[in-house]
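There are 2 protein chains.
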Amino acid sequence: MAVFQLFDRNKTKAVPYFSFRGVFEAVQNKTIDFGMVPIENALAGAIDDNFDLLLEFDGLHIVAETQVRIEHNLIGLPGTPLSAIQKVYSHPQGLAQSRTFLESHPEWEPVPFYDTAGSVAHIAKVGDPSLAAIASAEASQVYGMAILAAGVESNHQNFTRFFQIALQTVPTKDHPNKSSLVFATADEPGALSKCLAVFAAHNLNMKKLESRPIQGRPWDYMFYVDVALPATGDQFEVAFAELKTVAKDLRLLGKYRA
Amino acid sequence: MAVFQLFDRNKTKAVPYFSFRGVFEAVQNKTIDFGMVPIENALAGAIDDNFDLLLEFDGLHIVAETQVRIEHNLIGLPGTPLSAIQKVYSHPQGLAQSRTFLESHPEWEPVPFYDTAGSVAHIAKVGDPSLAAIASAEASQVYGMAILAAGVESNHQNFTRFFQIALQTVPTKDHPNKSSLVFATADEPGALSKCLAVFAAHNLNMKKLESRPIQGRPWDYMFYVDVALPATGDQFEVAFAELKTVAKDLRLLGKYRA
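Chains A and B, in that order, are what the protein sequence lines are.
As numbered in the numbering used here, residues 1 to 258 make up the first sequence, in order.
As numbered in the numbering used here, residues 259 to 516 make up the second sequence, in order.
Treat the hints as calculated values from the structure; they're not laboratory data.
Any given hint could be a false lead.
As the list claims (entries may be wrong) - Just so you have them, the derived chain B footprint on chain A, three or more residues with Cβ under 8 Å:
| # | region |
| --- | --- |
| 1 | 169 to 176 |
| 2 | 181 to 190 |
| 3 | 193 to 199 |
| 4 | 202 to 215 |
| 5 | 237 to 250 |
Unchecked claim - If you only want the chain B side, here are some residues facing chain A, beta carbon under 8 Å, derived:
| # | residue |
| --- | --- |
| 6 | Pro296 |
| 7 | Thr324 |
| 8 | His363 |
| 9 | Gln415 |
| 10 | Thr418 |
| 11 | Val440 |
| 12 | Ala442 |
| 13 | Ala444 |
| 14 | Pro447 |
| 15 | Leu454 |
| 16 | Leu467 |
| 17 | Arg470 |
We put the beta carbon where it would ideally sit given N, CA and C, even for glycine.
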């Protein structure tokens, strides 16, 4: 869905990978032109793996951002009445995000599963009408199952942000309106505050701050920051140059349209 | 393991719950005296659910912190040679954290599973020597399985921080050396920087900053901060009072020994 929000469905081939790492590797190896990876969900938060992979694959750039609305559905064998259901499979996030609906059916046993679409594949394979899954309408269709209840998520304000990643920066038609960067700080009072003050001093609005552990250095962190870019001017470039003098291991991840 | 680092094994009953929510509810309902929940792993990062639950269960307090070293092992049926293995089950984090070891055996298929101990239970139940799991030595013992290779994690600097939570604050024998708090900010340039500057102004060292989405307000965040407390003085209390004037929805989660 994210791919076809940014690319023409008739001119673009979407290639699935088993893992996020696989997507990054394929972009790096030029097997694919662009990668599309989820970076954050409005309810569940950051998709940590992809923050770590952005750091690890330091030759890649974020070239665009898009958002997809997430809807959860109760899925089962076609024709199954709700009264026949005994177990409901989904990713723990799918179960958590449908908690109000599930609590209205205390007779169902929620069963955590590795992923949402995979839980539909599982119940389709078993073929037992007492088993249901919570996943997208697309997953229901792919595995020939039926939507028994639509839009069962407790909170409808559920979106996922995706980053389009590439080996080369791509000039945008319009002025980029967002930038992502990553840096470390010293372990001393005020270190992070000093870094963030640079953005404030140049009137740049920080839209997101995420911290991720540094591997092999327990309780030491990399900070990922998204900043809104003004339509004109070079405040961001000036701020970035200043940030270099106070932050450690600063890197620009991309300037793009969101 | 975390429970028995803080409590006498002979005088304390450890009660398992199916979910982190279950632990919080049991503390709230006084079914148990204290809860012990993981809050952060040095490699994988924050355990998001527990940050969200600390916010939701606003009558509970963090009363202590402890760290447990995490070791991963390759586990299988007793007597199985490594050459017989075809599939290796574990939580995606268990697989990711043992990547170097797994890559030295490209003939094995890694299979993501809901949790590490659960993957041992699964292979024990199936009883097929071609199936192995990556999990703790405790899980191997509980399910009567054998450790086929010990310490297979790529990075041995792997620890998990746990919070002891309680309905009432508990006076500590020694002066508390850490505090956790949570707040929101306005969506304007410099809002977070202004909040963090309060700690810097009082020479308080921030040990950790975690952002979590606010449910129903996409791309709006709560910030969780851990601060090291000085051995004497009231800098923290003064800073907290000041922070009230710049942050929104500020709440103290606890002052404790770490």
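Open item on the list: Please list, smallest to largest, the hint numbers that this structure does not respect.
Closed with: Result: hints 1, 5, 6, 7, 8, 10, 11, 12, 13 break, sorted rising.
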